[in-house]
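Protein sequences, first through last, are from chains D and C.
Numbering-wise, the numbering used here comes out as the position in the first sequence, counting from 1, plus 118.
Numbering-wise, the numbering used here comes out as the position in the second sequence, counting from 1, plus 1216.
Take the hints with a grain of salt, since some may be wrong.
[Said to hold, decoys possible] The calculated DSBU-like cross-link candidates involving lysine-lysine, where the alpha carbons are at most 35 Å apart (straight line), are:
id	chain 1	residue 1	chain 2	residue 2
1	D	Lys201	C	Lys1749
2	C	Lys1566	D	Lys200
3	C	Lys1353	D	Lys158
4	D	Lys200	C	Lys1482
5	D	Lys158	C	Lys1749
6	C	Lys1630	D	Lys201
7	C	Lys1314	D	Lys158
8	C	Lys1280	C	Lys1314
9	C	Lys1275	D	Lys200
10	C	Lys1280	C	Lys1473
11	C	Lys1469	D	Lys201
12	D	Lys146	C	Lys1222
13	C	Lys1642	D	Lys146
14	D	Lys146	C	Lys1314
15	C	Lys1222	D	Lys201
16	C	Lys1353	C	Lys1280
17	C	Lys1222	C	Lys1469
18	C	Lys1353	D	Lys146
19	C	Lys1280	D	Lys146
20	C	Lys1469	C	Lys1749
21	C	Lys1482	D	Lys201
22	D	Lys121	D	Lys200
23	C	Lys1469	D	Lys158
24	C	Lys1275	D	Lys201
25	D	Lys158	D	Lys201
26	C	Lys1621	D	Lys201
27	C	Lys1642	C	Lys1566
[As the list claims (entries may be wrong)] So, partial list: chain C residues that the calculated Cβ filter (under 8 Å) puts toward chain D:
id	residue
28	Gln1288
29	Met1296
30	Asp1299
31	Phe1332
32	Glu1662
[Claimed, not checked] Listed next, the stretches of chain D that the computed footprint assigns to chain C, with coverage defined by at least 3 CB atoms under 8 Å from CB atoms of chain C:
id	segment
33	131 to 144
34	162 to 170
Hints were generated in silico from the structure; no laboratory data involved.
From the three backbone atoms N, C-alpha and C, an ideal C-beta is built for every residue, glycine too.
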Amino acid sequence: MEKREFHITAETGIHARPATLLVQAASKFNSEVSLQYQDKSVNLKSIMGVMSLGVGQNAEITITTDGDDEADAMTAVAETLKKEGLSD
Amino acid sequence: MRAMLKGIAASDGIVCGQVYRLVEPNLTVQQRAITNLDYELNRFHQALEAAVSDVETIKTRATKNLGTDSAQVFSAHIAMLQDPELITAVETQIRQRKINAEAALAAVARTYETSFQGLTDNPYMQERITDLHDVTKRVTAHLLQVALPDLALVNHPVIVVTHDLIPSDTVSVNPRYILGFVTDLGGRTSHSSILARSMAIPAVVGTQHATDQLTNGEMVILNGTRGQVMVAPDDDELASAQAAMHERAANLKRLSKLRHHGTVSKDGVGVTLAANIGTANDLPSVLQNGAEAVGLMRTEFLYMDADQLPSEDEQFAIYKQVLTAMAPRPVVIRTLDIGGDKPLPYLKQKPETNPFMGARAIRQSLTHQQIFRSQLRALLRASAFGNLRIMFPMIATLDEFRQAKAIYDDERSKLTVAQVPLGSIKIGMMVEVPAAALLADRFAQEVDFMSIGTNDLIGYTMAADRTNQDVAYLYQPYHPAILRLVNRVIAAAHGAGIPVAMCGEMAGDPIAVPLLLGMGLDEFSMGAGSILKTRRLIGQLSAHDLQALVETTLNQASTSQEVITMVQAAVPGILT
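With these hints in hand, go ahead and build the complete structure from the sequences.
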């Protein structure tokens, strides 16, 4: 299992476009990928789950990947966060 | 004919065709008990697939029209339709409660909606609820086997009949298939009318109940010049409409000979006729109508059609496309003009009691610098591809202009250091706040150009909201108070040796054009469809002679009607 924390810097938080890209990135892997924010955890392959968190600017989130391709899944999610200017 | 609907003439032209009602069907869901689980699950999955296929079509069309990033909202919709948690939740409802798929989907959607509504501190969640509704509606429509209209799914020429046309409706339009628009709501200066004119598509707005009175597939004759819609015409009526269409086409053909001509008055004074555009979609009509420049590119549709901020790269691509298509002709791009009256759900904007007087346009840009700077960077990068002029909207004080300019200079020097190729750029302001019009001589010392935005200038000067029907009578472009302000701005700009344009509806108005020409306006920017008519009109006028008319109206007219009478007396035969 891999676990990493991210600080959300974007003014609009995780809005629809990056949420979609994060879900698309996570869905490519066999591993379970989850997003924890405050006291909630959701499946990062579920856009409804990601959007229901309403992650805003300055949020601290944790991504967990668990499975045979967990390292690659984490890299892909981290890259998407960075590419979309959500996190450093 | 069966009936004649009357509305407001919003965009010129006459056209006949079949009605396409862009009106939502009844999607009320009845819960029923089911016995065949597999059949119901299968029905659900088939509806999901059909919905995905619809959204893919819409997305392809939107990508073609607006670029990849603007079409992203449809990727979000597809992700929702393929959401494993949502699908499992609906399946569980069908299995455990033994209810039909429609009811199961509605129940799951309600659960999500409740959890979204709990996030009241996040304004963009409202937009997510809208997405959820869009997606569930589409699946429900397939389950109920009713058609859910969408302009992207139109595949033959139609006349679109809708309650009110909003920018996002036209995102996915294939312009070839849209013959005309008829709406229940709206006035001549509402967004729907501006859109129709910029697409050069005939339109009648404000018919009150066209959507109730017209049925799908019914034949109508739409007369956008007279503001009439004839329903179910007989053969004679169709024949005379066709004759009118031919006559109009012949007239347009005569006008089109002026396409490659400059705009010169009878006594040899040259002016520039430019087009107002909202998106790159408007470019073909701009070029067909012989525009010598783009005098106003509104950028808010870029922001309003999307459901998140457009990225710098996406903006760059669109600005580059417009600049390249127009080069070497100038393109005036106005920085974002949004605010309380045109709110963006994904921005945290405070509700305002008086949005037209609130934090809109440059006021919003100066407080949300991240958005402003990203737009300026996109513009700067695009400047290498054409002749760019950047215009700041709603400037009221010199300090606002200086601040905006300083931010621009800052981004410019950063890009210069990074050795990004830049073109030469002029920086100007929109004159639409009366304070700026009155102090135009001071502003003229610091800006490269001015453009008078009459729609707002009239609204603010007359203290009347143009979207409010009760005070619509105060929208008076020829009012002597407005003419004095306009004349003052033109004189101030010329006093400082800078050019001055007008980019409101007034610039293409046949009563206003002689006055503006007499005042010495340099550039007239209007909906593309008005350009050739205005070029012909200016060719019949003598700018020098009109100076006397300007003197008389400024000194002697007390009302709009007096101005109209004076113009008609000085220029016999002018259309009103």
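Just to be careful, I want the Cα atoms of C/Lys1642 and C/Lys1566 compared with a cutoff of 35 Å; is the pair within it?
Satisfied, since the Cα-Cα distance of roughly 33 Å is no more than 35 Å.
Quickly compare the C-alpha distance for C/Lys1222 and D/Lys201 to 35 Å and report which way the hint goes.
53 Å, violated
Distance restraint between D/Lys200 and C/Lys1482, which requires alpha-carbon spacing of 35 Å or less:
61 Å, violated
Would you check whether C/Glu1662 satisfies its interface hint, that is, whether its CB is within less than 8 Å of any CB in chain D?
The hint is violated - C/Glu1662 has no Cβ within 8 Å of chain D, the shortest such distance being about 30 Å.
Hint check: 8 Å Cβ-Cβ cutoff, C/Asp1299 to chain D
This interface hint holds because 5 Å falls under the 8 Å limit.
Satisfaction of hint between C/Lys1314 and D/Lys146, Cα-Cα up to 35 Å
33 Å, holds
Is the Cα-Cα distance between C/Lys1642 and D/Lys146 35 Å or less?
47 Å, violated
Assess, step by step, whether the Cα of C/Lys1566 is no farther than 35 Å from the Cα of D/Lys200, and give holds or violated.
29 Å, holds
Closest C-beta approach of C/Met1296 to chain D relative to 8 Å, hint status
At 6 Å from the nearest chain D Cβ, C/Met1296 passes the 8 Å test, so the hint holds.
Taking the closest Cβ pair, is C/Gln1288 under 8 Å from chain D?
5 Å, holds
Measure nothing beyond the straight line between the CA atoms of C/Lys1280 and C/Lys1314; if it is 35 Å or shorter, mark the hint as holding.
43 Å, violated
Does the alpha-carbon distance linking C/Lys1275 and D/Lys200 stay inside the 35 Å limit?
Within the cut-off at roughly 25 Å; holds.
Hint compliance for this structure: hints 1, 4, 5, 8, 11, 12, 13, 15, 21, 23 and 32 are not met, and every other hint is.
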